[in-house]
Amino acid sequence: MKLRKASWLLISLTLILSIFLTACTGNQADDPKETPGDDGKKEEEQATGPQQGGDLIIGSTGAPTVFNPLYSTDTSSSDIEGFIFDSLVSSDTEFNPTMSMAESIDISEDGLTFTAKLKQGIKWHDGEEFTADDVVFTFSIPKDPDYNGERGSAFEAMESVKKIDDYTVEFKLSKKDASFYPVSLSYYILPEHILKGVPVAELGEHEFNTKSPIGTGPFKFVEWKDGEYVKVEAFDDYFQGRPYLDTLTYKIVPDMDAMIAQIQAGDIHFAAGVPGTDIETVKSFPGVKVESGLGLSYTYLGYNQKNELFKDKKVRQAITHAIDREAIVSSVMNGDGKVAHVPESPLSFAYNEDVPKFEFDVEKAKSLLAEAGWKDSDGDGILDKDGKKFSFTVKTNQGNKVREDIVVVLQEQLKEVGIEAKPEIVEWSAFIEQISAPNWNYDALVLGWSLSTFPDQYDIFHTSQMEAGLNFVWYSNPEADKLMEEAKQILDQDEYKAAYADIYKMLAEDQPYTFLYYPNVHRVMPANLEGYVFHAKDDFYDISKWWLKQ
Amino acid sequence: MLSYIIRRVLMAIPLLLGITIVSFAIMKLAPGDPASLMMDPTISPEDKARFMERYGLNDPVHIQYLKWLGAMLQGDFGTSLIRKGVPVMEMIMNRMPNTILLMVVSTLLALLISIPFGIISATRPYSKLDYTVTVTSFLGVATPNFFLGLILIMVFAVQNNWFPTGGVATLNAPFSLWDRIHHLIMPAFVLAAADMAGLTRYTRSSMMEVIKQDYMRTARAKGFKENKVIYKHGLRNGLIPVITIFGLMIPSFIGGAVIVEKIFTWPGIGLLFVDSAFQRDYPVLMGLTVISAVFVVIGNLIADILYAIFDPRIEY
Numbered sequence: 001m002k003l004r005k006a007s008w009l010l011i012s013l014t015l016i017l018s019i020f021l022t023a024c025t026g027n028q029a030d031d032p033k034e035t036p037g038d039d040g041k042k043e044e045e046q047a048t049g050p051q052q053g054g055d056l057i058i059g060s061t062g063a064p065t066v067f068n069p070l071y072s073t074d075t076s077s078s079d080i081e082g083f084i085f086d087s088l089v090s091s092d093t094e095f096n097p098t099m100s101m102a103e104s105i106d107i108s109e110d111g112l113t114f115t116a117k118l119k120q121g122i123k124w125h126d127g128e129e130f131t132a133d134d135v136v137f138t139f140s141i142p143k144d145p146d147y148n149g150e151r152g153s154a155f156e157a158m159e160s161v162k163k164i165d166d167y168t169v170e171f172k173l174s175k176k177d178a179s180f181y182p183v184s185l186s187y188y189i190l191p192e193h194i195l196k197g198v199p200v201a202e203l204g205e206h207e208f209n210t211k212s213p214i215g216t217g218p219f220k221f222v223e224w225k226d227g228e229y230v231k232v233e234a235f236d237d238y239f240q241g242r243p244y245l246d247t248l249t250y251k252i253v254p255d256m257d258a259m260i261a262q263i264q265a266g267d268i269h270f271a272a273g274v275p276g277t278d279i280e281t282v283k284s285f286p287g288v289k290v291e292s293g294l295g296l297s298y299t300y301l302g303y304n305q306k307n308e309l310f311k312d313k314k315v316r317q318a319i320t321h322a323i324d325r326e327a328i329v330s331s332v333m334n335g336d337g338k339v340a341h342v343p344e345s346p347l348s349f350a351y352n353e354d355v356p357k358f359e360f361d362v363e364k365a366k367s368l369l370a371e372a373g374w375k376d377s378d379g380d381g382i383l384d385k386d387g388k389k390f391s392f393t394v395k396t397n398q399g400n401k402v403r404e405d406i407v408v409v410l411q412e413q414l415k416e417v418g419i420e421a422k423p424e425i426v427e428w429s430a431f432i433e434q435i436s437a438p439n440w441n442y443d444a445l446v447l448g449w450s451l452s453t454f455p456d457q458y459d460i461f462h463t464s465q466m467e468a469g470l471n472f473v474w475y476s477n478p479e480a481d482k483l484m485e486e487a488k489q490i491l492d493q494d495e496y497k498a499a500y501a502d503i504y505k506m507l508a509e510d511q512p513y514t515f516l517y518y519p520n521v522h523r524v525m526p527a528n529l530e531g532y533v534f535h536a537k538d539d540f541y542d543i544s545k546w547w548l549k550q
Numbered sequence: 001m002l003s004y005i006i007r008r009v010l011m012a013i014p015l016l017l018g019i020t021i022v023s024f025a026i027m028k029l030a031p032g033d034p035a036s037l038m039m040d041p042t043i044s045p046e047d048k049a050r051f052m053e054r055y056g057l058n059d060p061v062h063i064q065y066l067k068w069l070g071a072m073l074q075g076d077f078g079t080s081l082i083r084k085g086v087p088v089m090e091m092i093m094n095r096m097p098n099t100i101l102l103m104v105v106s107t108l109l110a111l112l113i114s115i116p117f118g119i120i121s122a123t124r125p126y127s128k129l130d131y132t133v134t135v136t137s138f139l140g141v142a143t144p145n146f147f148l149g150l151i152l153i154m155v156f157a158v159q160n161n162w163f164p165t166g167g168v169a170t171l172n173a174p175f176s177l178w179d180r181i182h183h184l185i186m187p188a189f190v191l192a193a194a195d196m197a198g199l200t201r202y203t204r205s206s207m208m209e210v211i212k213q214d215y216m217r218t219a220r221a222k223g224f225k226e227n228k229v230i231y232k233h234g235l236r237n238g239l240i241p242v243i244t245i246f247g248l249m250i251p252s253f254i255g256g257a258v259i260v261e262k263i264f265t266w267p268g269i270g271l272l273f274v275d276s277a278f279q280r281d282y283p284v285l286m287g288l289t290v291i292s293a294v295f296v297v298i299g300n301l302i303a304d305i306l307y308a309i310f311d312p313r314i315e316y
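Chains as they are written, first to last, in the working numbering: chain A, 1 to 550; chain B, 1 to 316.
Calculated from the structure, these hints are not laboratory results.
Careful, some of the hints might be misleading.
[Unchecked claim] Chain A side only, calculated, beta carbon under 8 Å to chain B, not exhaustive: (1) 49; (2) 53; (3) 55; (4) 103; (5) 267; (6) 459.
All C-beta atoms, glycine included, are put in the ideal place defined by N, C-alpha and C.
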């Protein structure tokens, strides 16, 4: 009897105590969450301009790997590099190159010499001055025979880089390259005074990259807790003015579900890449706003043209006719996107609306298939030709709900025209290995491309990229090849746009892919975040100008 | 006893070797490789090929294994393929304290709650209390820990804000012991829940057996108080089978930690394991496999030693 009483007392006491304790801390924990910017420096007067201060916790489902732009290959690392480092040129919301650390860039008549004048008075985070030596040092790394990173091809056309004086650098190219200015010159600059003694072969694994990166960017590196977060703080001497936010904490979460729970609980303030299917839920959370816009990417249904089924252009066009892309966008994606016709975003200067279009038209699809010799001779509802049925699998990657749904919708829609399309969902790394060189083990696939701010289709659609490159659908059109090669030499934007107008016409006509849709991107942020400007490619565009209204 | 321990340790060597061979083979047989994850038009195929070459990923599997084994035997677990240049051991050691903390706390929690509950229910079988404990433990066994974890996060973290949604400590806050405990409670409870249920059941049935024994009656007849009879005479015998079960549960703690760490964003080796598997970071995966295998072997060894301590009839 005694024991019973004592144990019950103990248990109830423990319970009461724990409820009491958690209730206390629960309240304490509430405060900073609801006003993420409140760091005690609240200004009394009704300020209309930007206010200093505040910590922003940014959620990410990917973990960074290395903070060195010449060696990193993942989005999380480049997000953080964007806080720490700066480049000679960057791009505005319309993707036009803008001057960042460069004062001006002159291009010679023949398009082979680029002279960059640098801004003066820019400081590294350790107080040293930024000069031409840093630029020469950085651009020499990928040309070094010992360089073992994965970014070599971005600097292929560059022959040499040399210092003219402390604030002038001259780049010599071996051939004209339209992407040199917008792409190669936008690489972040590394500090020569810290890294000059490091052999290039060891640079990729140097502790600078993970423990003490120093840049000229708006934020200074503070700490990286593996698997938890990366923290940076405002750099007072930033050449474009000290950022308004005091610190950024880049928090790593295992998946989107955890991310959404943490946004709701206020543990995460900012998140990019929240799927459209979850956005209505997120909008209902208190203290949160969502900014959306068309992303710089598209999703497609690609056909393996090594496969007899898809060799005929008419067949590919017929499949596009048989797919109701409007319905996919409106029902699978809740209208969160736009139907695509070309492999270029409407946001790009090179976008061309004026291309052959293959609207949803079941009858047209059927007649095109009949023209190509496909008919249902055994009456089983599936087309056949020479004893072979029109049946194939559509692969896509696991974990992308929209794509997983689309392959099922495709199965339904293609059945209407007598084509059997069987969905198959594969884990990401395995999927990529199966579909790409040298396996090409798929019939059709649903996948997306994220686009560069500078349009160039060479890597994806040029014949030379079939064997080893990214042209894993084996698309080949000698005419398009020639145009893509020529475009690489065009430095004038209008001429480039004209050349690409023709390329997009050809690609649309040939339908190497059925271009499905352009998705929207959604970014979740505190309701009191000001100064944010939407940039389709850069989640953290102009982050030094962001501030929290108190 | 000492010679038994030495024998057991020696026996563990071929076992561990076997585990590494099987793990290495499975890992390499799985489709996908770290270079294919860099699907980016701005990275050329040549650069990807060079990456594979540099890390010896094009060698035949047995050569890769022997190279790895050779280095490992010299204490070198290699460097991560994804976190370039970071030694595998450093990555694991960064995460290890978190996992050990979680495991130790959840183990203690499981023992502290389940053994008393088991004893109480055994001494009062078929009472209301016994039924409550029984139903609760069946619920505990039947609820998968990912489900329990999500429910707890939903109710206690998101809706009521009593507990944090995840992580080991509040971001941007100075270290505080209470804060750490606050973060630890939910994941430790979830990890402990399933085992708690099992342990309670085993303690109950084992104690019920013991209570019926003649020596218990003798003890009572001698005039000992009931508490002393149960806790001094009964418990020592009653816990023997529980220790065995507990020893067998240690591997499941590691397995369970993978899921719990993922749900609670707990940066331990479980989470590292999941991430490395998706990134095909082979050296990290192998390092983790070796370490967890060693843990399991040690866990079993400890169980056997405890067995000997608690049961005087057992000699080695």
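Cross-check of the supplied hints:
1. 49: Hint violated; residue 49 of chain A Cβ to chain B Cβ min 25 Å, cut 8 Å.
2. 53: With a minimum Cβ separation of about 13 Å from chain B (threshold 8 Å), the hint on residue 53 of chain A is violated.
3. 55: Given a least distance of 6 Å, the restraint on residue 55 of chain A holds.
4. 103: Interface hint status for residue 103 of chain A: violated (27 Å vs cutoff 8 Å).
5. 267: holds (5 Å)
6. 459: With a minimum Cβ separation of about 4 Å from chain B (threshold 8 Å), the hint on residue 459 of chain A holds.
Going through the hint list in order, the structure does not satisfy hints 1, 2, 4.
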